[in-house]
Structures are given as C-alpha cells and as structure tokens.
Amino acid sequence: MYISINWIRDFVDLSGEDIEKLIQRFTLSTAEVEGIEYKGKDVENVVVGEILTCEAHPDSDHLHLLTVDGGNEVYKVVCGAPNARAGIKTAFAKPGARVGKLVIKPTVLRGQESNGMCCSGKELGISDDHSGILELDESLINGTDLKTLFPIEDIIFEVDNKSLTNRPDLWGHYGIAREFAALTKKPLKPLPIMEDPYDGPERVPVEIKNDTLAYRYTSLRVENIKKHESPMEMQIRLFYCGTRAINLLADLTNYLMLELGQPTHAFDGNKITKIIVDTPKESFTFQTLDGNDREITPDTLMIYDNDTPVAIAGIMGGLDSEIVEDTDSVVLESANFEAVCIRKSATRLGLRTDASARYEKTLDPELTMLAAKRFIKLISDIDPDCRFVTGITDVYPTHYPALTVEIDKAFVDRYTGIDISPDRIEETLNALGFAPERNEESFICHVPSYRATKDVSMKADIVEEITRIFGYDNFEIKTTRSPLIPAKTTRRRYEENQIKDLLVKTYAMHEVHTRIWCDPDELRNIGLTPEDNVRLLGSSDEQDTGILRTTLMESFLPLIYNNRNYQPDFGVFEIGRAVHGLNAEGTADERRMLGIALYSKTKNEKTLYIEAVGLINAIADELKHEKVSYQKTEPVHVWQHPKNTVRVSIGKTEIGMLNTVHPKTLSKISKNGVIVCIEIDMDKLLSVEPVAFAFDEPSRFPAVEYDLSLLLKDGVRFEDIEKCWQALEIKALKNVSVVDIYDAELVKSVTLRFVFCLDDRTLTGEEVQEHIDAILEKLSGIGVKLKA
Amino acid sequence: MKEMIKKQKELFYQKLREVNDINSLEALRLDFLSKKGQISALMKELSKIPNEKKKEYGQMINSFKQELSDQFEGRKEEILNLQEKLMIENTESYDESLPTKNPCGSYHPITLVQRELEDIFESMGFDVEDYNEIVDDYHCFEALNIPRFHPARDMQDTYYLTTPNQLLKSHTSAAQNAILRKYGPALKESGRPIRAVFPGRCFRNEAIDASHENTFFQMEGIMVDKDISISNLIFFMKTMLSEVFGREVTVRLRPGFFPFVEPGFELDIKCLICGGEGCSSCKNSGWLELCPCGMIHPNVLKHGGINSEEDPFEYTGFAFGLGLTRLAMMKYGVRDIRAFNSGDLGTLSQFVSR
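Those protein sequence lines, which keep their order, are chains A and B. For the first sequence, position 4 matches number 4 in this note's numbering, and the numbering has no gaps at all. For the second sequence, position 166 matches number 166 in this note's numbering, and the numbering has no gaps at all.
Derived by calculation from the structure, the hints in this document are not laboratory data. Every value quoted in this text rests on a predicted model; they were computed, and no experiment measured them. Keep in mind that the hints are not guaranteed to be accurate.
[To be verified] With a straight-line cut-off of 27 Å between C-alpha atoms, the simulated BS3-like cross-links for lysine-lysine are:
id : chain 1 : residue 1 : chain 2 : residue 2
1  : A       : 459       : B       : 270
2  : B       : 48        : B       : 36
3  : A       : 209       : A       : 21
4  : B       : 302       : A       : 409
5  : B       : 48        : A       : 478
6  : A       : 488       : B       : 188
7  : B       : 48        : A       : 459
8  : A       : 162       : B       : 226
9  : B       : 238       : A       : 478
10 : A       : 21        : A       : 186
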C-alpha cells in the first residue's frame, strides 16, 4: 500500500520532522516499509500557460503551431497534442524547465521554432494520461508555477501489505497518521466530516437479511451532481497512491477507502430503490463492472435492489448499476461485512479487489458512518450544488462488544524486563486511542473500536502497544535469571547421529532427502506404480498423485535410476518418514524409517548383499552391542526379490527388512548394476534395550589357534555349522573366525580358525584336540567333513 | 706360527676386499671365526708350540681374532649402507599429484547445519526434540491460537490428508504443544525451565522454483519460565545468532504478526556482507530479515497446560523460528533451493563435512 506524506500532513503536523527518519521509525514500530519515492522533484519551472492561437503545422499532419502566454511573455511552441486548441490553459514548461528527464530548450521542429513544451499529466508524473495535454481551470493565472498550485511534490512510501494483516486500522491514511502522531508525540487532527444536511423523512430503504455476514449497512442518496471530474489535488493523490482517476464519484469512493480504509460503493441512483443484503438461494451468473461474468454460489453475500443483484458484497459492483461519466445521482453504500465470508468468496471467484483485501482484515464497523459523513463533506466541498435527498440510513444489527483491559506498570515491567514510566505508558495509550483511566500506576484501557475487532484483547496486546512506540532499540537487554541445567541428548537423537556418522564415515554413503509422497512418473519410469496408501486431500482415486510413500524405497529406486551414471558404486541413505497405511484409529501410520540402498556395477549381487548384512550388523553392534538375526520371507513389495528378502531382528524385535531387487525392476533401473535395499524402523530399533557393554579381561595364558578346512554340502548355511560348536558350549573356545571361503561351481569349502584359551591356566594340546574332535563329530552329524 | 698368522691375515684381507654382499661376508666370517674356521685351526696349532712361546702366540691369535671381528663389523656396516643407498636410488619418486579415489560419504547439508545449531543450543541448555511430520489440526493450528478460518488453514496452503483430521505439518510450531506438555511438569514441580529446540521438516502447498519449496526444514525454539521478558528474548536472540554466525551480530526487532506470539517480532540482523551499508544481499536496506520470534501467546501456554485460566501470565516465555533450509543456503551459498531435495549425488556429495 502506498502512503502519501502530504495526505498524512492533513492529519498530523509534521513540520520540523525528518521524514525519512520518521518512516524508518514507522518500520520499527508499526509495519515494514518497502521503499520511499520522492515525487515531483524532477518537475521545475512548469507554469500555467494559456494557448492564445493554434494553427496547423505547414509540414505535418498532426503538429500544431501555438502561441502560449506563459505569464511573463508569449512563446511560440510546436505541439502534437490532439486536444491543443486556442483558449485552454495548460501546463507549460518554459525554456530551461525540467520535466522528468527532459530539460526544455529552444529548438526547431520541422522548420518551425519551438520555445517550450505543453505537458500531459504523464509527462509531469502526476497521472498516466498521455492522450493529450493537461487542461487546467480557466481561472488560474498565467505564469503561476504549477507546484504552488498542486501538490506535485510528495513523499510516497510503500508499506508491506503482509505486515498489516492484523491491523485493519492501518489500511487507510488516517490510521497511519495516528501512528505518526504517536511516534512524533503530536496531536492527531479530527477527520473533517459533515453531518447529514437533509432534514426530512426520506431514507434509502435497507434490509439486512443475513446479519451474521453483514454487520452494518449505511447509505444515503445524493442527486443533482453536476461535476464529473475530481479536483486535481485528489487526482494526484489517487495516482501517487496507485489508483487512477476515473470520474468524480468513482474517485470519491477510492479516496475514502485510501483515506479511512473503509470501502464504499457508489450505485447509480437511478438503478436503486431498495437495498437488500442476503445470500442467494441458488447459484447464478452475475456480470461485474469489469465486464466479466461471475458464477455466484449460495455462500456468496450479495447486494440486491429488491430482487435484482447489483453487487457482490465487499468485492465488486455489478455492471448494470455502475456509475458512468454523466451519472448525476448516487446511492452510497458504506457497509461492514464478515471477513471470512468475503475472503472465501474473493478466493472462490478469483477476484481479490482493494475492497475485499480490506474487508478480509476485519474492519471496524464504526467506520461506515464516519465514511458516510466524510463523503458528505467531500462531495459538498467539490460540488456545492449537489442535493442530499435522503437522510443517512444506518442498519447496524451486529456489534462487537466493547473491550476494556486492565494493566499496571508492574506487569509491563515484568513482561518487558525493563522500566517504562507510568507517564510514558499513559502518553502512548492516549496517543493510540486507548483512553486510559489511570489510577497511580494502573490503567483501565478502553480498546478503541478500530483495534477491537480482533487485534487487541488482552494485557500482552497492550504491552506490545507500549513497547513498539517505546522502541525496541531503546531496550536494555538482559539474560534470564533461570537456572542453567545441562540438556541431555535423547537416545533417539543419539541413535540417528551415530547411524549417520557410521554410514557416512565408515561406509562412505551419501545422505539424501526425498519427498514424503511418491512421484508416479518416476516410479512408472522403472515399471512401478505407487502402492495404495494414504493420500493428500484433493488427489482422486483415479490419479496416482498425492500418494504418500509406504516405504523409502519408493523414493530410492527412482533416485538410483536418476543417479545410475554418477559412479559405478555408491550408497545412499535417509532417515525419513513413510506411511504404513492406516492404524487402528483409521489415521495414517507414520513411521520414522532408515532407508539404505547400495548400488554397484563392479561387485556381484552376493558380495553387495553380504556387505549390506555387515552394515546392519555394524549398526546393531554399535548401538546395541547385540547380534542380528535374519529370517527369509516372502516379498512384501513387487520390487523385492523372491529369494533374497529377509526380515531383520534383534532379539525378539523385528526392526526391518533387507532385500535384493526383483529382476523385473532391476533391469529397468540398470542393465549392469545390482541393488541391495535395507529399511529399518528407527522407533523399533530405539525400542531395543542396548546391552551394557562389558570389558572382557584378556587371559594371561597363551591361546591356541586351530584351523579347520571344511567341505560344505549344497544348502548348508553358516549358521548350521555354527550351531555345532555352540551346542557344545566349550568354555575355552574364545573365538571362531573365517579365514577363507572357497566357492567354486562344485566344491564349496570354508577354512575356520578356532581360538582356545583358558583364564586360569595353560591349555594342553590334548585338551584342544578333544574339543576339535568333539566339534568334528558334531559337524559330521550334519554331513560336513574335513577337506582332504 | 708367526708366518701362519701373517699368511692368514693376508688371505683374510684379500678375501674381504672381494666380498660385496652380506651373504658372502657371512660365509667369510664363518670361514674364519666359526668353530671349524681358520682361527680355531690356529688355536689348534698353538698346542704344538713350546710352552714358553704359547702365551705370546696366544695373544697374537687373540688380537688377530679381535681385528677380524672389527673388520667384519665395519665391512658389514659398509655393505648395508651401500645396499640402502642402492635401494633408495632404485626407488621411484612417487607422484602425489595423481587424482585419488576418496572413499568419502556425505551428509545432507541440512544435517550439517542442523547439527551445528543443535550443538549450540545444547551448550545453552536446550533439549533437542523431534516431532512427527503428520500432525492434526489441534497441534498445527488450534493449540497455536490460529483461528478457525485463518488463511494458513486453507487447502491451497496446507496439505491435508484424506484420513480424518490429519495434515502435513506446515511449521515446526506444530510441536510446541507437545513439548510444553512434556516439559511442563518439571517446570512446575522442580522449577526446571523449559528450553527446547525442535528441528523438523515442514510442508506447504507452493509452486516450486529456485527460491520456493513445498518441503523445507525449520528449527523452532522455546523458553518458558517465571518472568521471561522481551528484554531476555532480545538478549538471547543476539547471543544465539552471534554463535550461529560465529561473530557478533547486531539485531533489531520490528513488530511482526504471528498468532502464537504476542507481541510478535520480525528479527533482522545487520547485513553480514556489507555491514549495514546496503548491498544486493540485503536489497540495499542494510538489514537481513532472519527469523520471526516473540513472547509466547497466553493461549498457547494455556493449551500447553502451563498456565491456568485464572493466571494466564504465571509463566511467560519466548519462541523463535529459524529457517534451516534458508540458513543452509546462506551458509553454503546455495542459490537454487531445489538442490536440497534433488537427490542428485553430484550435487549432494560435496557436503562431506561442516
């Protein structure tokens, strides 16, 4: 929103103030200013000029040769404006004048000398009209500097609308002026208004049928309006503040809105007999004054003339009752509507207007009457012959309650942490209109209506009023007196951090972030579709968009495809969320998952798979000092390999799954690479109680190593042979490690190293041999023999 | 005898000169000094010598033996030195400028920034908490004093789920209520102030471009105790941000409106690039808008079970929000926000450490 300092000066005396500093303070105390523009600085020596004669240029079909009385002398000027004619007064830039970037010099145009320039509004920067030269009032004296006649010089600053969302009172100049008054400690002048001059029984009939959506409707009828153009001062202000002069009545409604923040609407007086405010029974099409057809639904508040819709309440008027150039009678609407209804209608219609933007901030209903009286004042000043043919109708069914807030200095001190004097508090509250009743150091604040619609209702709000005017830059800042108690890292965070470190530092993997929903196109690309799951609202069953992922692999498999040429080997991981369908209450079952995917073009699938097992074992060892068990299972997802999909458990807790990828999916991702997937439920992992780490005192007696090379039959798993020595529970057996695995087509063998040791004495060779014999006997029981 | 010793000596020196490696040196040593060697043979000859001469010749043989031993040691040293020299000469001078394969993983940049902040906050006594991505209306809005028809609740801003009363959290503030409830009892029973930060992933229904994402990270923090004031808030923010940026920062507060704080502020820091003079980074204003903050709204504290209806200001507190994604962009000079969720390893693998 653009704010004119000239306009502010109507209400606050800013003489002697550094305007730029003041605007800076406004940013720190009220709302963010996005920029400052100095208007009219580039217009110099432009005066009132009277065109005395006007002839066609002999060598041009559109140029004119003028003689212009510039006050001190008569100038010969070549001018191309179509409206140039003898007898009118216009803006004349004399030689040496400055108009924007132009410096006017005597020149020759198509053989004719030209000393000066007649200017359009656009050239002067006071309007966007470039259709012809400015036509000024005949009564103006030739040679008068335009800047002394019109407020061409102004300072305009732009306030960020977003920083005004909670301040309905700041959507017009008068509200901004109140802030300036408080900041400069100067009085705010009352708004010039005029009481309704009509003395009789006639009223515009108004009926509010829906008083939950329409709070107040104020109206009056004015006739015999002969002036159709607004005064230059008004036009300039409107233009500087971002609107365009149209005609007097339209300009007046815009002017009122920019001044007070209260939108008003001017209906053609001939089109209105009785105003009814209601929602329609059924949908229909309505043509707004911009010429567009709008679909009106039953939840849209409408203004009717009897049964005929004439405006969308708070948003835009209809074309049929629009003010046109020669309208001489008007019915003014100054009304208050419910904010949410207006916002939703505007959103639904895709029609956000200056009026709707204000209504959706929850305007003060008290403004409607003020605006009506201001309208009376403005129009009777501009067109004294206009006739007020009715009194003011004021239908006001819905009021906001009056609010008072009690506050004392002690509370302010406690909440601010600084000492603000009661006089200062009182002064600020007065300036902002809170009419404080002071008793020593406590105050009863009467929240002004323009702040009471939603913004201010409690003590903390009052503190803000006091402190923002006091200035946060003036705060003495202090640390808290709270005791410092060390924070403990939660187990949950510890485990996340350990896993990330392990995977990055030991396994050289890359952490990625992927979205919580599936990308159907990327999945289709590798022959998959999103699995049925909870959806985002607005995505229909026919579409496969907006589906939340059931597993991180729905993100990772496409990710590997996208990165398949990154490196021949890589691993990625993420601790992220997936949704496992619905839980018992019918809500989405969100899980915190660790997803890991290993990809390789240089290793075979078995090697990569065993690496993945090692990785899971390392996580369990690191976090829990526990062993992991694996249980083959049927695939749960189509992309899992039917043979190598396993459930991963620690103790009795199943924590996740490990699998290779089904050839059908794998071939779509990579022709010559292999993939292994791991998914671990972080909360299940967290639920596993870590085993206390215990130090194992090394024996002082020598250990004996004994290697056995065993021939393995097909189908024998390592855990089968492991059970053989575990069953014997040999106390002296400290460790068994794999020295070598030989894995040829027909022969499979493994060399194991057994380490024996006792804590209290040296083992004898005979004892070791006895253990070995026992182990071999057990092994032969499952058909495992020594390699010859 | 004398002659024999002399002869052996000559023989020894002749052979020693011929010796060029450790193995033949050892053979020579054995030839002279082993039990069956030349010295032993001389000793045997000594028995044939008359007794009066035995002492003299014995001493001669012994000194010869000693001389031999010294010669061997000297020669051994020489040969070893020569061999080492040869080895060094034959060694290639390696090229350390060759490109290497670094088995180096990478952290997501958000993790790096998040950890850095978490460490700072932990050092200031803040608990680090976590929260779900799928939340309900109460936690995301109602408990935060966001009224029923607030625009933030509209479909076009927030991702609602088809399940009853569920949505993707649109801000980390959605965790405030749970955290107030978790730590509230300790505050009231033992006076342990609530200090917590809660990083998390947030979702807003926005069109994605270089500076907008629908999936991004924030980190929010709260502190609640008796008599927490605006003055404390400013002090804390200044201290915390100076830690975050690793140098003293100048902060300023402007009024800012957020339903869950009152008063609410927009906090700016003096531009770190131009120092407040005005540059393209701060759009010539000299200030960077950094994080919203404010005094926690009494309704939020009430919803969190901290204050009662009767005494809505018994405990007070402040809250602040940091855009982790934005901080990561600032820290690493990432210009396109889409890099974070791109899953592009060429991009992400750069982030090996802080």
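Comparing the hints with the structure gives:
{"no.": "1", "hint": "459(A) - 270(B)", "verdict": "violated, 31 Å"}
{"no.": "2", "hint": "48(B) - 36(B)", "verdict": "holds, 18 Å"}
{"no.": "3", "hint": "209(A) - 21(A)", "verdict": "violated, 49 Å"}
{"no.": "4", "hint": "302(B) - 409(A)", "verdict": "holds, 23 Å"}
{"no.": "5", "hint": "48(B) - 478(A)", "verdict": "violated, 108 Å"}
{"no.": "6", "hint": "488(A) - 188(B)", "verdict": "holds, 19 Å"}
{"no.": "7", "hint": "48(B) - 459(A)", "verdict": "violated, 127 Å"}
{"no.": "8", "hint": "162(A) - 226(B)", "verdict": "violated, 33 Å"}
{"no.": "9", "hint": "238(B) - 478(A)", "verdict": "holds, 11 Å"}
{"no.": "10", "hint": "21(A) - 186(A)", "verdict": "holds, 16 Å"}
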